[in-house]
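Using the sequences and the hints, build the whole thing.
Spelled out, the chains give:
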Amino acid sequence: DGGITQSPKYLFRKEGQNVTLSCEQNLNHDAMYWYRQDPGQGLRLIYYSQIVNDFQKGDIAEGYSVSREKKESFPLTVTSAQKNPTAFYLCASSDRSDIEQFFGPGTRLTVL
Amino acid sequence: KQEVTQIPAALSVPEGENLVLNCSFTDSAIYNLQWFRQDPGKGLTSLLLIQSSQREQTSGRLNASLDKSSGRSTLYIAASQPGDSATYLCAAHGTGRRALTFGSGTRLQVQP
Numbered sequence: 050d051g052g053i054t055q056s057p058k059y060l061f062r063k064e065g066q067n068v069t070l071s072c073e074q075n076l077n078h079d080a081m082y083w084y085r086q087d088p089g090q091g092l093r094l095i096y097y098s099q100i101v102n103d104f105q106k107g108d109i110a111e112g113y114s115v116s117r118e119k120k121e122s123f124p125l126t127v128t129s130a131q132k133n134p135t136a137f138y139l140c141a142s143s144d145r146s147d148i149e150q151f152f153g154p155g156t157r158l159t160v161l
Numbered sequence: 009k010q011e012v013t014q015i016p017a018a019l020s021v022p023e024g025e026n027l028v029l030n031c032s033f034t035d036s037a038i039y040n041l042q043w044f045r046q047d048p049g050k051g052l053t054s055l056l057l058i059q060s061s062q063r064e065q066t067s068g069r070l071n072a073s074l075d076k077s078s079g080r081s082t083l084y085i086a087a088s089q090p091g092d093s094a095t096y097l098c099a100a101h102g103t104g105r106r107a108l109t110f111g112s113g114t115r116l117q118v119q120p
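Sequence order for the protein chains is A and B. Everything in the first sequence is counted per our numbering, starting at 50 for the first residue and increasing by one. Everything in the second sequence is counted per our numbering, starting at 9 for the first residue and increasing by one.
To be clear, the hints were calculated from the coordinates, so they are not data collected in a lab. Please note: incorrect hints may appear among the correct ones.
Take a look, some chain B residues computed to stay more than 12 Å from chain A by CB distance [to be verified]:
1. A17
2. L19
3. N26
4. S36
5. L52
6. R69
7. Q89
8. T95
Here's a subset of chain A near chain B, in silico, CB distances under 8 Å, partners left out [to be verified]:
9. G65
10. I109
11. F152
12. P154
Think of the CB as a built atom: it goes at the ideal place given N, C-alpha and C, for glycine as much as any other residue.
What follows is the structure, given as structure tokens:
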């Protein structure tokens, strides 16, 4: 089945820890994205990548980092510099950066 | 900077009603506008994508329209069913940046 997978589904982080969220797609899409969703709100863009080895900051990149070493993978690291990381994180991909985006099932991150 | 607004924030209707969800955006220079459905705790499911050159798209009981000149899109749901209960998000894909800008969503409850 083609699609986007995110792991883990639930993640708990202690204060001061870095954690990495996984996003993998087998759709052969060039562009990938990370969004953050807070309760009752829409999604906000963290980072996006249009091609391997290239990525750009979104609206709320502070405290986050990404890499794009492979076309099918776009991991997101939430660093200790992110002051309020508790949220629902969604990964998406698209064939080109200007057409329909498809989303993964999300990872819910909670800071203990 | 693109801003997307959705009205109403919440809507409750009896089963069988036709309903309209509204979405407005501030920058009319968009590639496309996408409507999504989100069930609680889940990722986003793409419902309809309207390219900037199109006026509307239809899928089953769903019809989405786009009026770039007025910065508005509507999602029409015919003969609503309890299974339609979810949050509906619209997102505009601007020409100036390669990612989506989301509204806060309309939470729909269809009463049996």
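Do the hints match the structure? See the list:
Against the 12 Å criterion, A17 (chain B) falls within the reach of chain A, whose nearest CB is about 8 Å from its own CB. At roughly 15 Å, the least C-beta separation between L19 (chain B) and chain A is larger than 12 Å, which holds for a residue marked as non-interface. Non-interface status of N26 (chain B) relative to chain A is upheld: no Cβ of that chain comes within 12 Å, the nearest being about 25 Å off. Distance check for S36 (chain B) against chain A: the nearest CB is about 16 Å away, which clears 12 Å, and the non-interface claim stands.
Not every C-beta of chain A lies more than 12 Å from that of L52 (chain B), the closest at about 4 Å, which undercuts listing it as non-interface. Distance check for R69 (chain B) against chain A: the nearest CB is about 20 Å away, which clears 12 Å, and the non-interface claim stands. Every beta carbon of chain A lies more than 12 Å from that of Q89 (chain B), the smallest distance being close to 23 Å; the non-interface claim holds. Non-interface status of T95 (chain B) relative to chain A is broken: a Cβ of that chain comes within 12 Å, the nearest being about 9 Å off.
Because the closest C-beta pair between G65 (chain A) and chain B is about 27 Å apart, greater than 8 Å, the hint is violated. Using the Cβ-Cβ criterion of 8 Å, the hint placing I109 (chain A) at the interface with chain B is not satisfied: the shortest such distance is roughly 12 Å. Below 8 Å, beta-carbon pairs count as interface contacts, and F152 (chain A) has one with chain B at about 4 Å; its hint therefore holds. Checking P154 (chain A) against chain B: minimum C-beta separation of about 4 Å stays under 8 Å; hint holds.
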